[in-house]
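Trainee: Sequence:
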Amino acid sequence: MRIILSNCPPDKADEIASRLVEERCAACVNAIPGVRSTYRWKGKVERDPETTLLVKTAAGALDRCVARLRELHPYEVPEIVVLAPDVGASFAPYVEWVREETAAAPTRTSSPPR
Numbered sequence: 008m009r010i011i012l013s014n015c016p017p018d019k020a021d022e023i024a025s026r027l028v029e030e031r032c033a034a035c036v037n038a039i040p041g042v043r044s045t046y047r048w049k050g051k052v053e054r055d056p057e058t059t060l061l062v063k064t065a066a067g068a069l070d071r072c073v074a075r076l077r078e079l080h081p082y083e084v085p086e087i088v089v090l091a092p093d094v095g096a097s098f099a100p101y102v103e104w105v106r107e108e109t110a111a112a113p114t115r116t117s118s119p120p121r
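What the sequence shown shows, in the numbering used here, is residues 8 to 121, in sequence order.
Heads up, some of the hints might be wrong.
Estimated spans, in silico, between C-beta atoms of each pair [unchecked claim]: (1) 96 / 54: 14 to 24 Å; (2) 88 / 53: 30 to 40 Å; (3) 89 / 42: 25 to 35 Å; (4) 61 / 81: 17 to 27 Å; (5) 52 / 16: 29 to 39 Å; (6) 44 / 90: 30 to 40 Å; (7) 53 / 96: 32 to 42 Å; (8) 96 / 50: 13 to 23 Å; (9) 54 / 107: 39 to 49 Å.
These aren't lab readings, by the way, just hints derived from the structure by calculation.
We put the CB at the ideal spot given by N, CA and C, even for glycine.
Based on the provided sequences and hints, a complete structural model is requested.
Mentor: Shown next, in the form of structure tokens:
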């Protein structure tokens, strides 16, 4: 399992999240609104409102997910940071659900473990 962090403009977050899930690149995307980012871009300090996306995908779907996120993202240099959680310490049914939901064809129709 992998978690991708990516900040995007608030008006693009729902579209990006929906497309990644609909296309089975991600099992789940959390959109956290209200982020204020401060960064240097082309020699100037910028401050912008953003939405943080937490994209949950399987290790086997990572390359496809990152490529699609790059295509959907409006920034010239988007933040795409990949985290590798400790799968052994994670809730196994959730990890399995992420793997199944990012497979090319679904193996079951289920909800995420609650």
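Trainee: Are the hints correct? Go through all of them and say.
Mentor: Here's how the hints hold up against the structure:
1. 96 / 54: 14 to 24 Å: The hinted range 14 to 24 Å is violated for residue 96 and residue 54, with Cβ atoms some 36 Å apart.
2. 88 / 53: 30 to 40 Å: Distance hint for residue 88, residue 53 is violated at roughly 19 Å.
3. 89 / 42: 25 to 35 Å: The hinted range 25 to 35 Å is violated for residue 89 and residue 42, with Cβ atoms some 19 Å apart.
4. 61 / 81: 17 to 27 Å: About 19 Å separates the Cβ atoms of residue 61 and residue 81, which means 17 to 27 Å holds.
5. 52 / 16: 29 to 39 Å: violated (18 Å)
6. 44 / 90: 30 to 40 Å: Violated, since residue 44 and residue 90 (Cβ atoms, about 18 Å apart) do not stay within the stated range.
7. 53 / 96: 32 to 42 Å: Since the Cβ atoms of residue 53 and residue 96 sit about 37 Å apart, the hinted range of 32 to 42 Å holds.
8. 96 / 50: 13 to 23 Å: Once the Cβ atoms are compared, 43 Å apart, the range 13 to 23 Å for residue 50 and residue 96 is violated.
9. 54 / 107: 39 to 49 Å: holds (40 Å)
Hint violations for this structure: numbers 1, 2, 3, 5, 6 and 8, all remaining hints satisfied.
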